[in-house]
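The lines below spell out each chain.
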Amino acid sequence: MSLTSSPDLTLTRSSRLKIWRVNYEALILFSLLTAGWQIASRYYPPYLFPSLGAIARTTLGILTDAQALETVALTYIRILLALSISFSLALGFGLWAGIHSRIERALLPFTQLLQGVPALCWVIFATLWFKNIETRIAFVILVSAFPSFYYQIREGIRSVPSDLSDMVRALRPTRLQVMRKLTVPSLVPQILTAWQLNLGAATKVTVMAELLSGISGIGYQLRLAQELFRMDRAIAWTLVLIVFVLSTNLVVSALDRRWLRWRNR
Amino acid sequence: MTSQIRFEGVSKTFERDGSRTVALEKVSFEVAPGEYVCIVGRTGSGKSTTLNLILGLMAPSAGRIHVLGHDPYSDFPQLKGRLACIFQGDRLLPWRSVLDNVRLPLEILKVREASLRLTPAEWLELVGLKDFAKALPHELSGGMRQRVAIARALVCDPQVVLADEAFGHLDEVTGNHIKSDFKRLVSGGGKTVLHITHSIEEAIGLADRIIVFGARGRVTGCFSPGAGDGDAQRLRRSIYDHVQDAEAPPAEAMGI
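Same order as they appear, the protein sequences are chains A and B.
Residue numbers for the first sequence follow the numbering used here, beginning at 1 and rising by one.
Residue numbers for the second sequence follow the numbering used here, beginning at 1001 and rising by one.
These are computed hints drawn from the structure, not numbers from a lab.
Please note that a few of the clues may not be correct.
Below, simulated DSS-like cross-link-like pairs (lysine-lysine); rule was C-alpha separation at most 25 Å, straight line [unchecked claim]:
#	chain 1	residue 1	chain 2	residue 2
1	A	131	A	204
2	B	1026	B	1110
3	B	1080	B	1110
4	B	1179	A	181
5	B	1110	B	1134
6	A	204	B	1134
7	B	1026	B	1183
8	B	1130	B	1179
9	B	1130	B	1110
10	B	1134	A	181
11	B	1183	A	181
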């Protein structure tokens, strides 16, 4: 039984009504573009403007062919695996830098340098340094994504509210407890943002690496399409890539809604 | 009876970029077991520094501090779970449910719920939030969140409770309800309370004894609202005069 007076029990929980609205403007623009494409396909050869039907058939062919799906899986696994390694390293270094300012000072120019190097240069370096294709691609994604992950984590650590930090500090937690109870949970928004940014960037980098120095994966298939003048295949593989980026972003957004429910103020 | 909080000639000086700011200068006072003491004073009079020293978050530059017979800075392990604080603002972790926020001190101090007089869920029931255990802080009103902060402070059954402007951000009606509930909870548990506040009204309403801080924590007055210090109006006037007449704190202590 309560020993206290009745508090104001009015919840401020926001309603979870979802309002779906058709974006007519985008729909009209998209319809105009596809209609324009279809008209162009009647006047230009298929290696420039294949018909929408041909693109659809090729896309369906990729999605129903086991070997093509293996190619898709190979590229996706490369992206996710290398990003996970890059993220783990950035998290470790970010937390370390959060504890020791000397580490932060040491890492800052290094990450700035990494960020300044274009992804294409990393592809060239990797091609010259490593013989193994998987090592090349993993290296390029790792070094390209590291600065973004690291900066987001570092900013997250810096932006832990000092009033919460003081409250936890008053209980004399161990460093590990501070990490587990305060720092890491408060980093989740920055981590999810970094993943969203890096998924798109890593897809581009991976495809570029596969295209320039690979013998497998979607990038390699795009190179084959270019060599064979198969615009329909190039577009179909591009659509597969777009689907991957959009669907992984949807997964991250779902995690965002689930894990960051506390931010719905 | 041995005091539970004792300041003996405590001074605290901050040095930054070559300049020195004296926050406290030879401050002495005591708080007896079960006593509810309010410290009132102007901004920059050293109230928050006093609280941080009691919490052991910083060491005094001179003098000695005893909390439950221990130096809170060098001997804090002896005070773990015996000293709690309710801060200005609720300071709930926004990603944790209400119940998990109340559990936080137990997790950090590694206290088993089975060993407690009252479990976190029972504390929530005591503060009138039984049905909101799974709610997130942003789903509660300001008053409800402060009740959670009270439950979190009291869950370890501490002997000494510190409150730093704990109710200053609430509206008057909500604040009055929560203050009287807080007073009932701490008095019922025989706890010693040191409450820092700007509000003379709040101090008169809650305290057994009111200490007025002048500049650098100099004690300029001491009043006992319930022990024949005149009628409420005269007491209010007298405390107000002491706060007003106190030497203005140095500009740097006020952040000017």
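Hints, verified against the model:
For a cut-off of 25 Å, the pair hint linking residue 131 of chain A to residue 204 of chain A stands: about 21 Å separates their Cα positions. Note on residue 1026 of chain B and residue 1110 of chain B: the hinted pairing is violated, with a Cα-Cα distance of about 37 Å set against a maximum of 25 Å. For the suggested pair residue 1080 of chain B and residue 1110 of chain B, the alpha carbons sit about 10 Å apart, so the restraint of at most 25 Å is met. Under the criterion of a C-alpha separation no larger than 25 Å, the hint pairing residue 1179 of chain B with residue 181 of chain A is inconsistent with the structure, at around 29 Å.
Between the alpha carbons of residue 1110 of chain B and residue 1134 of chain B the distance comes to roughly 22 Å, so the proposed pair stays at or under 25 Å and holds. Using a Cα cut-off of 25 Å, the hinted pair residue 204 of chain A and residue 1134 of chain B is violated, with the two alpha carbons roughly 42 Å apart. With a CA separation close to 30 Å, the supplied pair residue 1026 of chain B and residue 1183 of chain B exceeds the 25 Å bound. Taking the CA atoms of residue 1130 of chain B and residue 1179 of chain B, the gap is near 19 Å; set against the 25 Å cutoff, the hint holds.
Restraint check for residue 1130 of chain B and residue 1110 of chain B: the C-alpha separation of about 24 Å stays at or below 25 Å, so the hint holds. Restraint check: the Cα-Cα separation between residue 1134 of chain B and residue 181 of chain A comes to about 18 Å, which is no more than 25 Å; the hinted pair holds. Under the criterion of a C-alpha separation no larger than 25 Å, the hint pairing residue 1183 of chain B with residue 181 of chain A is inconsistent with the structure, at around 30 Å.
Taken one by one, the earlier hints fail for this structure at numbers 2, 4, 6, 7, 11, listed in ascending order.
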